[in-house]
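Letter by letter, the chains look like this.
There are 2 protein chains.
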Amino acid sequence: MSKEKDKKLVEAITPMDTDFAQWYTDVVKKADLCDYSSVKGCMVYTPYGYAIWEHIQRILDCRFKETGHENVYMPLFIPESLLQKEKDHVEGFAPEVAWVTHGGDEELTERLCVRPTSETLFCEHFQHVIKSYRDLPKLYNQWCSVVRWEKNTRPFLRTREFLWQEGHTMHATAEEAIAETEQMLNIYADFHEHDLAVPVIRGRKTDSDKFAGAERTYCIEAMMHDGKSLQAGTSHYFGDGFARAFEIQFTDNENKLVHPFQTSWGTTTRMIGGIIMTHGDDSGLVLPPAVAPIQIVVIPIASHKAGVSEAAAALSDRLSARFRVKLDDSDNSAGWKFSEYEMKGVPLRLEIGPRDLEANQCVLVSRLDRSKKVVSLDDIEAEVEKALEAVRAGLYEKALANREQRTHSCKTLDEIRASLEEHGDGFIKAMWCGDPECEDKVKEETGVASRCIPFDQETISDVCVCCGKPAKQMVLWGKSY
Amino acid sequence: MSKEKDKKLVEAITPMDTDFAQWYTDVVKKADLCDYSSVKGCMVYTPYGYAIWEHIQRILDCRFKETGHENVYMPLFIPESLLQKEKDHVEGFAPEVAWVTHGGDEELTERLCVRPTSETLFCEHFQHVIKSYRDLPKLYNQWCSVVRWEKNTRPFLRTREFLWQEGHTMHATAEEAIAETEQMLNIYADFHEHDLAVPVIRGRKTDSDKFAGAERTYCIEAMMHDGKSLQAGTSHYFGDGFARAFEIQFTDNENKLVHPFQTSWGTTTRMIGGIIMTHGDDSGLVLPPAVAPIQIVVIPIASHKAGVSEAAAALSDRLSARFRVKLDDSDNSAGWKFSEYEMKGVPLRLEIGPRDLEANQCVLVSRLDRSKKVVSLDDIEAEVEKALEAVRAGLYEKALANREQRTHSCKTLDEIRASLEEHGDGFIKAMWCGDPECEDKVKEETGVASRCIPFDQETISDVCVCCGKPAKQMVLWGKSY
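Chains as they are written, first to last, in the working numbering: chain A, 1 to 481; chain B, 482 to 962.
What the hints contain is simulated information worked out from the structure, not anything from laboratory work. Note that the coordinates shown come from a computational prediction; the quantities given were computed from them, not determined experimentally. Ideal Cβ placement from N, Cα and C applies to all residues, glycine included. Mixed in with the good hints, there may be bad ones.
If we take Cβ atoms under 10 Å as the criterion, some of the chain B residues that face chain A in the derived model are [said to hold, decoys possible]:
id, residue
1, Ser-519
2, Pro-528
3, Tyr-529
4, Glu-535
5, Arg-641
6, Leu-644
7, Trp-645
8, Ala-771
9, Ile-775
10, Ala-863
11, Ser-900
12, His-904
Pulled a few chain A residues facing chain B out of the computed Cβ check, cut under 8 Å [claimed, not checked]:
id, residue
13, Leu-76
14, Glu-80
15, Ala-98
16, Val-147
17, Trp-149
18, Phe-162
19, Trp-164
If you want the footprint, here are the derived chain B segments under chain A, 3+ residues with CB under 8 Å [unchecked claim]:
id, stretch
20, 547-553
21, 625-632
22, 787-801
23, 848-856
Whole structure, please, built from the sequences with the hints as guidance.
Written as structure tokens, this is what we have:
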């Protein structure tokens with residue numbers, strides 16, 4: 001029976017290189033991250049998937065609070081008239097919102113949309129509470145779910161309802177608001193690189209790709225295993241546009257009535273999709289230790305032999321004081337357990353058997369590369385700490401190598417086409433004159449769209465990749481999720 | 482100016498005994514717990530109010546996890562056909578749900594309700610994942626918001642959208658499910674009594690007052706300052722009713738296909754309303770230390786004098802290692818600050834002035850009774866710890882004394898009327914024959930309704946307070962929020 005299970009587990013995953021989309025779907029399901037529901041486009045976050053989100057929340061929430069932000073909670077609904085107050089914003093979001101029209105048996109006098117984002121609600125509140133420069137800055141964040149009526153959905157990556165945090169801040173000056181926008185982008189980037197082991201490119205969206213109502217949108221872009229890009233976090237600077245639309249004014253320290261400057265910034269459960277597609281392999285999920293619900297699985301080998309079960313339990317208890325540990329002393333075969341926890345992306349496996357008891361040791365196996373190491377129990381905490389950090393560092397290096405291998409510089413549209421033909425999907429670095437028509441044409445003719453204008457600029461050539469006129473900046477192009 | 486502010490602050494609160502409802506509204510607003518929004522019946526949880534909820538979440542979430550529960554997240558929407566699967570449930574909830582009828586510009590083929598509670602969604606998921614007795618128990622919880630289209634709303638107590646946690650569990654046997662229902666009620670009760678310092682009565686709802694679809698509903702009932710009762714948490718046993726409706730079956734350990742047994746249990750942000758109405762006074766909010774966003778406020782006295790500001794900052798820093806501390810070194814007057822943090826219900830105030838510096842001491846003032854004590858800085862952590870515990874114990878005793886003073890035993894409807902006339906609102910203990918007609922009649926004739934059948938039974942008389950037939954049990958009656 002255990003043999004059968006082993007086989008079944010391994011067979012059940014489509015190899016990444018055969019069909020990446022199917023591989024993704026298989027991993028999401030086999031690693032027990034979610035379930036489908038009868039609500040089209042909405043997913044059930046099952047315990048293992050939700051626990052990853054809880055660790056993400058814990059770490060980010062701590063960073064937000066360290067930088068002076070406070071959590072709040074705004075209503076789920078936005079009256080249609082409130083959504084319409086800022087023109088660009090409503091144009092961007094109205095086509096994709098869900099509308100509540102009835103409460104019980106009664107038709108509402110005004111439709112309410114289920115929040116797709118909460119700028120309008122925050123602005124209404126800011127209008128109530130910002131009167132003087134002493135009331136600024138307001139540094140707010142909320143954890144909630146939002147709804148966007150997407151046509152094509154995929155678990156974690158694009159769903160009609162998704163979980164996120166949205167920061168909303170108001171400042172006395174434009175400089176301060178811009179600095180906030182940049183600070184939050186940097187927090188997102190650091191979190192990705194350090195905690196999620198996902199290297200990201202920091203940059204600014206082109207005007208055609210900005211958030212509805214924003215003056216500037218900053219973003220981080222991550223390269224997935226298949227060469228497509230994932231927008232993993234955004235940070236927007238609004239100037240005083242919403243403040244004017246919502247008549248938010250304060251008395252500055254020279255006693256003049258002026259408008260404050262605004263930002264918003266967000267990350268979502270799609271980060272979990274990013275983790276899967278950055279680190280996963282043909283054995284399943286691979287989780288960065290910082291957000292892994294189980295960091296270490298302890299598996300007794302030949303547990304019917306005297307003392308083995310007890311030693312495994314003692315090891316698990318001991319490590320639980322510092323790490324997130326699971327002991328699997330079930331009667332499934334060791335082979336089945338190995339496959340199961342590899343599928344679930346548990347960073348480290350500790351095997352302990354009869355011979356290990358005598359030698360006061362165990363075998364430490366890394367999910368990164370299945371490397372095995374016999375380690376003494378004397379100093380097991382330090383060994384585990386080191387091994388977890390090695391997983392993190394190794395994941396980051398692998399992901400960075402994948403990105404570098406998939407990044408190419410091109411000077412002409414022909415070069416872009418040739419690069420995609422030769423190397424497959426990836427990032428293309430190419431110069432741009434700043435004209436939205438060229439941006440559109442690159443997409444039409446090559447299939448790659450502008451991902452961002454990276455902060456770290458290089459000079460690939462002097463002229464626009466499309467029109468040949470003088471270039472203003474280097475743009476990162478690619479296909480995206 | 483500071484005098485003026487002092488006056489304004491104090492004047493702004495309606496005394497409790499003048500108009501309790503207005504006092505409540507004043508406290509909620511002046512203590513900065515929430516803001517009104519243009520979405521009728523929905524509130525904005527502002528930082529101070531939301532922080533109380535975060536502390537409640539942190540403590541309860543920890544208790545849930547200690548007892549083996551896992552967090553999940555289910556969709557926000559329920560298709561109409563899914564809601565209709567369990568007959569009693571849909572009858573109870575359909576009249577008060579919000580309906581989504583359009584996604585973007587398109588009319589949906591099936592209406593979706595915004596979840597008023599998630600039994601149906603959990604059941605759909607359980608149907609997917611429960612196959613064998615090895616899959617049981619399933620012990621799930623989710624933190625989210627739910628929507629019920631209430632006509633009359635009040636901040637925290639009754640709002641169209643509110644925040645809550647809902648636990649949903651499935652068990653192999655009825656006994657195990659009932660034990661779970663009781664365990665969770667006890668966790669709620671302990672949390673109220675220990676952490677919130679709110680004494681509660683544990684009991685069972687009468688059949689007419691059960692949750693829609695439940696076989697049994699257990700509850701905890703708390704006595705508010707004005708003599709009305711607040712239902713502060715509920716725990717439901719469903720038998721296998723939903724499991725049958727949703728065709729959830731598992732193979733038991735004798736290889737028979739059977740239905741599992743189910744529970745659900747919930748607490749909401751109305752607990753914050755309960756804290757306000759249990760502990761508050763004419764100076765504002767009084768917060769139990771376990772959930773107070775600020776446990777200690779440090780206020781320098783005569784801070785222009787040499788060393789005072791520095792000493793206050795040092796004291797605040799030192800205490801921050803163990804407590805949630807705020808230093809107010811603003812240029813507002815000490816009197817204004819006293820009123821402000823009393824209004825916000827901060828349990829302890831530490832004053833430190835020039836004379837205290839020399840003596841290496843500070844003045845500790847309790848929010849419970851404004852008692853002052855000079856304490857040495859040598860052992861300030863232990864003094865603060867003791868004082869916080871004294872606030873907690875004192876709040877509990879005061880609340881218990883209020884409840885006891887407002888609880889009366891009655892043998893006839895006339896005695897109930899006389900008691901209410903003489904003592905005002907409160908709990909009435911009276912016997913009941915078990916007939917729903919008597920239950921209705923008590924309410925019609927006296928205005929008090931059944932709150933619960935307490936677990937701790939007493940014998941007030943041998944016969945029903947209403948019909949005079951043999952009594953089955955003692956019921957606790959009262960008016961409620």
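Hint check results:
Here the hint on Ser-519(B) is kept, as its CB sits about 6 Å from the closest CB of chain A, short of 10 Å. Evaluation of the Pro-528(B) hint against chain A yields a held restraint, the C-beta minimum of about 4 Å falling below 10 Å. The restraint placing Tyr-529(B) at the interface with chain A holds, with a minimum CB-CB distance near 9 Å, inside the 10 Å limit. Residue-level restraint check for Glu-535(B) holds (minimum Cβ-Cβ distance to chain A is 7 Å; threshold 10 Å).
For Arg-641(B), the interface hint holds, the least distance from its beta-carbon to any beta-carbon of chain A being 8 Å, beneath 10 Å. With a least beta-carbon distance of about 7 Å to chain A, the hint placing Leu-644(B) at the interface is held under the 10 Å criterion. For Trp-645(B), the interface hint is violated, since its Cβ never comes within 10 Å of a Cβ in chain A; the closest pair sits about 12 Å apart. Hint status for Ala-771(B): violated, given a least beta-carbon distance of 18 Å to chain A, over 10 Å.
Interface hint at Ile-775(B): violated, since its Cβ lies 12 Å from the closest Cβ of chain A, which is beyond the 10 Å cut-off. At its closest, the beta carbon of Ala-863(B) sits 27 Å from a beta carbon of chain A; the interface hint therefore is violated under the 10 Å criterion. Interface hint status for Ser-900(B): violated, as the beta-carbon distance to the closest one in chain A is roughly 37 Å, over 10 Å. For the restraint placing His-904(B) at the interface with chain A, the shortest Cβ-Cβ distance is roughly 38 Å, beyond the 10 Å limit, so the hint is violated.
The beta carbon of Leu-76(A) comes within 5 Å of a beta carbon in chain B, closer than 8 Å, and the hint placing it at the interface holds. Annotation: interface hint on Glu-80(A) violated; nearest CB of chain B at approximately 11 Å, more than 8 Å. Hint status for Ala-98(A) relative to chain B: holds, with the closest Cβ pair at about 5 Å, below 8 Å. Using the Cβ-Cβ criterion of 8 Å, the hint placing Val-147(A) at the interface with chain B is satisfied: the shortest such distance is roughly 7 Å.
Among the interface hints, the one on Trp-149(A) holds; its C-beta lies about 4 Å from the nearest C-beta in chain B, closer than the 8 Å criterion. For Phe-162(A), the suggested interface contact is broken, since its CB lies about 10 Å from the closest CB of chain B, more than 8 Å. The beta carbon of Trp-164(A) comes no nearer than 12 Å to any beta carbon in chain B, farther than 8 Å, and the hint placing it at the interface is violated. For the stretch 547-553 of chain B, the proposed coverage by chain A is satisfied: 3 residues have a C-beta within less than 8 Å of a C-beta in that chain, meeting the threshold of three.
Look at the stretch 625-632 of chain B against chain A: 4 of its residues bring a Cβ nearer than 8 Å to a Cβ of that chain, three or more, so the hint holds. Given as covered by chain A, the stretch 787-801 of chain B fails the check, having 0 residues with a CB less than 8 Å from a CB of that chain where 3 are the minimum. Residue count for the stretch 848-856 of chain B with a Cβ under 8 Å from a Cβ of chain A: 0. That is fewer than the three needed, and the coverage hint is violated.
Checked against the numbered hints above, the structure breaks hints 7, 8, 9, 10, 11, 12, 14, 18, 19, 22, 23 and satisfies the rest.
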